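Participant: The residues making up each chain are set out below.
4 protein chains.
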Amino acid sequence: MKRIAVLTSGGDAPGMNAAIRAVVRKGIYDGLEVYGINYGYAGMVAGDFRRLTIDDVGDTISRGGTILYSARYPEFAKLEGQLKGIEQLKKFGIDGLIVIGGDGSYRGGAALTKLGFPTIGIPGTIDNDIPGTDYTLGFDTAINTVLESVDKIRDTATSHIRTFVVEVMGRNAGDIALWTGIGSGAESIVIPEKEFTMEEVVAEIQEGRARGKKHTIIMLAEGVMSGVEFAEKLSKFEEFHTRVTVLGHVQRGGSPSAKDRVLGSIFGYNAVKMLEEGKGGICVGVKGDEVVFNDIIDTLENQKHLPLLSLYQINKEISF
Amino acid sequence: MKRIAVLTSGGDAPGMNAAIRAVVRKGIYDGLEVYGINYGYAGMVAGDFRRLTIDDVGDTISRGGTILYSARYPEFAKLEGQLKGIEQLKKFGIDGLIVIGGDGSYRGGAALTKLGFPTIGIPGTIDNDIPGTDYTLGFDTAINTVLESVDKIRDTATSHIRTFVVEVMGRNAGDIALWTGIGSGAESIVIPEKEFTMEEVVAEIQEGRARGKKHTIIMLAEGVMSGVEFAEKLSKFEEFHTRVTVLGHVQRGGSPSAKDRVLGSIFGYNAVKMLEEGKGGICVGVKGDEVVFNDIIDTLENQKHLPLLSLYQINKEISF
Amino acid sequence: MKRIAVLTSGGDAPGMNAAIRAVVRKGIYDGLEVYGINYGYAGMVAGDFRRLTIDDVGDTISRGGTILYSARYPEFAKLEGQLKGIEQLKKFGIDGLIVIGGDGSYRGGAALTKLGFPTIGIPGTIDNDIPGTDYTLGFDTAINTVLESVDKIRDTATSHIRTFVVEVMGRNAGDIALWTGIGSGAESIVIPEKEFTMEEVVAEIQEGRARGKKHTIIMLAEGVMSGVEFAEKLSKFEEFHTRVTVLGHVQRGGSPSAKDRVLGSIFGYNAVKMLEEGKGGICVGVKGDEVVFNDIIDTLENQKHLPLLSLYQINKEISF
Amino acid sequence: MKRIAVLTSGGDAPGMNAAIRAVVRKGIYDGLEVYGINYGYAGMVAGDFRRLTIDDVGDTISRGGTILYSARYPEFAKLEGQLKGIEQLKKFGIDGLIVIGGDGSYRGGAALTKLGFPTIGIPGTIDNDIPGTDYTLGFDTAINTVLESVDKIRDTATSHIRTFVVEVMGRNAGDIALWTGIGSGAESIVIPEKEFTMEEVVAEIQEGRARGKKHTIIMLAEGVMSGVEFAEKLSKFEEFHTRVTVLGHVQRGGSPSAKDRVLGSIFGYNAVKMLEEGKGGICVGVKGDEVVFNDIIDTLENQKHLPLLSLYQINKEISF
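Chains as they are written, first to last, in UniProt numbering: chain U, 1 to 320; chain E, 1 to 320; chain F, 1 to 320; chain L, 1 to 320.
Honestly, the hints are just simulated from the structure, not real lab data. Predicted, not measured: the structure shown is a model, and the values here were computed from it. Any given hint might turn out to be false.
Note that identical chains are pooled: a pair holds if it fits in a single copy or bridges any two copies.
Stated by the list, open to error - The calculated DMTMM-like cross-link candidates involving lysine to aspartate or glutamate, where the alpha carbons are at most 25 Å apart (straight line), are:
id, residue 1, residue 2
1, K213, E232
2, K316, E290
3, K287, E301
4, K2, D295
5, K84, D289
6, K114, E195
7, K287, D298
8, K91, E277
9, K279, E33
10, K316, E276
11, K78, D48
12, K233, E193
13, K194, D289
14, K213, E33
All chains should be built: construct the whole structure from the sequences, respecting the hints.
Facilitator: Right, dumping it as structure tokens:
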């Protein structure tokens with residue numbers, strides 16, 4: 001193993017730079033050359049490679065986004081794109097690859113390994129929807145960003161009886177909505193993993209009202225429906241004056257939290273070690289305070305979300 | 001002057017608690033009794049008064065919202081409501097009143113003074129749309145809140161060519177959009193005070209693109225149109241993939257900035273002094289680092305926004 | 001089990017209010033009466049008890065500190081104090097107790113259980129120095145607070161060759177210094193768990209200088225020595241112009257992070273369940289995304305810090 | 001006027017990058033070439049110049065510190081250094097200079113103008129100690145940074161009777177201490193502009209105690225003495241358990257506040273206009289919402305601080 005490469009793929013997430021930095025520094029510490037690939041798999045196929053030095057990752061650990069840019073590139077699901085990518089990797093003399101991203105990135109990495117090119121996956125997405133790890137890179141920062149906003153909404157106590165619908169990200173996963181719903185003491189949390197009826201939500205709101213609550217916060221995962229759509233449904237119960245907040249891409253940005261900076265460092269460091277040990281098709285993760293390594297394919301077939309459902313139950317009993 | 005009262009009216013704003021605290025502490029320092037009226041003019045008419053002590057305002061200077069709650073109460077525009085209010089004020093033995101809020105609150109205060117009840121106005125609104133002062137209470141906090149969010153949006157640099165429309169508050173005023181547009185280096189700022197065409201906006205976006213900008217931020221004042229509506233108009237130029245962020249009530253909350261805490265303290269302190277000097281129908285403001293006092297009626301007839309328009313021009317020349 | 005009580009003891013930590021809130025709400029949800037004890041064990045012995053309702057914990061989840069106040073009370077190590085405490089608990093008809101705090105609080109809880117009064121411990125301290133859990137309540141908030149400050153120090157890049165010594169809390173544990181050292185890319189991390197010589201530190205600084213670094217950050221755990229003392233030792237190598245930052249109690253405060261709010265909710269919820277199941281002498285913790293329960297005495301005899309030392313090694317190899 | 005240069009000098013301050021950005025963009029907008037000089041006057045004499053493009057200032061408006069670095073360079077007070085500087089400016093074909101910094105920077109600019117080289121000054125320092133403007137660049141960010149920390153200290157309410165001494169920056173000026181003292185509701189504010197005795201401070205503390213306050217915050221300007229020294233004096237009154245917080249260089253960093261970003265933009269824009277109008281020896285400032293221009297020499301001879309003293313009096317009457 002003389003030369004390795006790293007890329008970020010899919011939606012960007014805070015902490016990706018910390019992982020890139022760790023890959024570069026650990027690699028150089030061990031005498032390797034490290035290349036960065038811009039724009040994920042699209043850049044790989046296009047041959048958009050650059051040598052990364054220690055200076056290139058200086059002062060990046062505190063930055064949001066990714067210095068390697070990111071892109072979605074569905075074409076890489078096809079064999080043709082994968083072979084093109086390997087051709088480029090070989091052209092640049094790369095012996096091993098580290099991909100930071102979500103399940104799409106993982107599938108690409110598994111495919112490359114199957115084709116003989118050792119690839120390691122690092123879970124990087126704010127959605128926390130990748131199995132094989134307690135937390136994905138960026139999730140902790142995203143939920144802190146959402147909470148700061150919801151705390152501000154709580155401040156604006158008014159005499160009007162008002163309902164705030166806060167639409168948060170998470171694709172098909174409810175993790176962001178659930179954690180921030182618990183963290184903000186939201187009166188109602190609506191996530192894709194749990195069926196619900198508008199009647200239940202209205203009942204939860206009215207319980208709060210009955211206990212003298214002036215305003216109600218509903219944390220809504222985008223995977224269920226849009227905040228505007230949800231507010232329209234609510235408006236059928238016309239006693240509500242509903243306000244919708246769509247935080248949008250605010251949730252993807254921001255300086256990474258302490259957790260994501262350390263997590264990124266641990267992931268990047270161990271991904272390099274895996275390549276050095278000749279491994280491939282493996283993804284790095286954490287279980288508690290231990291680093292774990294799983295087969296990418298097995299991982300993608302797993303389900304996570306038991307802890308999520310138990311959290312959901314806890315919330316039911318402390319936010320009634 | 002033995003007993004004074006204070007209320008907050010209209011939309012709440014960070015710093016209102018700092019002003020209330022200053023009114024209470026300065027009043028007590030001078031040997032007055034201070035009462036708080038809940039829910040603005042609605043609470044006044046309903047007789048929702050309470051004695052405020054130093055403890056009641058303890059640890060409130062750093063809190064968003066208003067401990068006196070706020071309400072919109074159009075009925076107070078009518079003489080009947082005003083007389084009812086004075087009746088309640090007299091019932092509680094109040095000799096003078098301080099109202100914290102926007103132009104609606106000012107008109108109520110002017111009417112009460114005209115009816116013989118001395119009232120002083122403090123400009124409290126995030127919209128910065130009250131003449132007679134450089135800044136209104138809450139504006140500084142609001143623009144910092146917006147900027148934190150826009151900085152996060154900037155982080156999520158992607159390879160996709162993308163346009164972000166950020167809808168911010170301000171009612172009919174463009175101050176929040178303009179200040180945060182300059183502060184975030186937005187490629188385009190759209191405010192009610194300046195006519196614009198979609199063609200101009202698109203031109204500004206494309207200039208940025210031409211200089212290699214990956215993504216574009218448009219700061220849109222709610223007084224122009226909604227972010228969703230604006231994005232629809234933009235989508236006619238289909239090369240754009242537009243994302244909309246509606247910060248909503250996030251902008252009204254949050255712990256007040258240093259500026260708003262000090263401003264609130266200065267306003268509250270001087271409002272009490274005005275009442276002690278037997279004044280009424282006056283509103284407090286700042287011009288630079290000096291406190292100014294204006295007749296409420298004259299003030300409401302004035303126009304501000306010259307500085308705003310010169311700021312707009314500065315931005316044109318440094319954000320081309 | 002009809003009536004339970006909760007107290008916070010030792011140094012306060014962000015997230016304690018989230019735990020108190022969960023104890024109160026879960027207790028009431030299950031039909032229990034919940035009492036709060038002010039000032040920890042000191043208040044217990046003094047009989048400073050109060051009934052807690054759902055309103056008492058309203059809007060507290062986002063607040064730093066503890067609404068029950070906290071106190072150190074060494075006298076509680078003696079049997080006499082413990083018996084006095086049980087006497088008070090019985091006087092108020094309490095059937096079970098939950099203590100939130102550090103090892104001192106745990107020992108008190110273990111003693112009470114041994115004397116027949118069922119007590120459950122929740123790990124609440126920013127120092128992360130309690131075995132039996134991956135993380136203690138408050139640690140995550142504290143390291144984020146420290147990082148925000150160190151990020152600001154990094155900003156002030158000057159042409160002077162300068163060394164910043166940042167003294168952080170942690171009592172005898174290096175966790176805060178290590179996590180924030182990694183998270184800020186500190187050139188040197190000095191913790192009690194690792195021997196060091198000034199020569200080594202100076203060598204690390206000079207390596208950075210050799211690579212053109214303008215300023216150096218040393219993260220120093222208070223358990224090693226004070227920042228001022230450390231700076232004096234460094235000043236022997238007079239080419240350094242050293243600046244010392246002592247964040248002090250800033251690190252104990254602040255609105256709890258998302259992690260600490262959820263962790264506090266999980267801890268409080270499960271502590272109540274333990275009491276309901278007739279358990280005592282147990283402390284709650286988390287291992288990864290699972291809740292764990294350990295015997296307090298065994299826990300206090302355990303050592304944690306293996307993960308810490310591996311983190312230390314990772315940092316050595318990515319921050320050379 | 002074909003080619004202008006800009007430098008930052010003295011202690012760096014948040015907002016300097018916003019001013020540099022405005023100078024570069026306004027200059028280029030008007031068809032000028034803009035050069036940056038690294039390390040202030042030291043870099044000028046050393047000939048450390050570089051051409052600045054629009055890309056060089058991209059994404060810098062939200063960054064703390066200064067991309068041009070800063071340095072103190074007392075030698076520039078001597079004619080020899082000034083002539084050397086002008087020689088370099090001419091060598092690079094510079095027709096006009098903009099200096100961003102404190103009084104030292106101003107004196108340098110005045111000297112250059114007197115020697116025939118037109119120079120404009122922009123007030124850039126967190127200390128707010130430059131006459132001729134209501135606010136200096138960086139002050140607003142610094143007081144917000146300090147307040148965030150003091151708010152956290154307030155959180156850690158304990159049963160111990162405790163006094164917190166918070167030492168803040170400001171050189172010989174008390175502005176930071178006074179504004180943050182008012183903004184945090186500090187029990188005592190100690191600044192160089194006001195004589196005080198320890199007895200008075202102790203009296204203020206004890207008044208608070210008498211009203212049941214659990215802990216006391218003293219905001220101390222570094223211009224008076226160090227926090228450690230102050231705490232020692234206080235400890236003579238041994239009933240106090242005093243904690244000292246020295247925020248240090250944290251106060252110089254951080255992403256600039258909205259105010260400082262807009263102020264920097266206004267200053268930079270107008271400084272370029274002055275040069276274009278053939279002016280020199282002028283410093284830019286704001287009075288309220290208007291831009292003002294003063295002769296540097298006259299300005300340095302003026303005193304500011306009347307508003308400061310009236311603020312001090314307000315605080316006396318609302319924080320008793």
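Participant: Hints first: check each against the structure and report whether it holds.
Facilitator: Now for the hints, and whether the structure bears them out:
1. K213 x E232: within (22 Å within a copy, 37 Å between copies)
2. K316 x E290: Between copies, since 18 Å is at most 25 Å while 30 Å is not.
3. K287 x E301: For K287 and E301, the Cα distance is within 25 Å both inside one copy (18 Å) and across copies (24 Å).
4. K2 x D295: Close inside one copy (24 Å), not across copies (50 Å); limit 25 Å.
5. K84 x D289: Neither: 39 Å inside a copy, 40 Å across copies.
6. K114 x E195: Result: close neither inside a copy nor across copies, 39 Å intra and 46 Å inter.
7. K287 x D298: This pair counts as both: shortest intra-copy Cα distance 16 Å, inter-copy 23 Å.
8. K91 x E277: Classified as within: same-chain Cα gap 23 Å, cross-chain 57 Å, threshold 25 Å.
9. K279 x E33: within (18 Å within a copy, 54 Å between copies)
10. K316 x E276: between (47 Å within a copy, 18 Å between copies)
11. K78 x D48: within (20 Å within a copy, 53 Å between copies)
12. K233 x E193: within (20 Å within a copy, 35 Å between copies)
13. K194 x D289: Between copies, since 19 Å is at most 25 Å while 29 Å is not.
14. K213 x E33: between (60 Å within a copy, 22 Å between copies)
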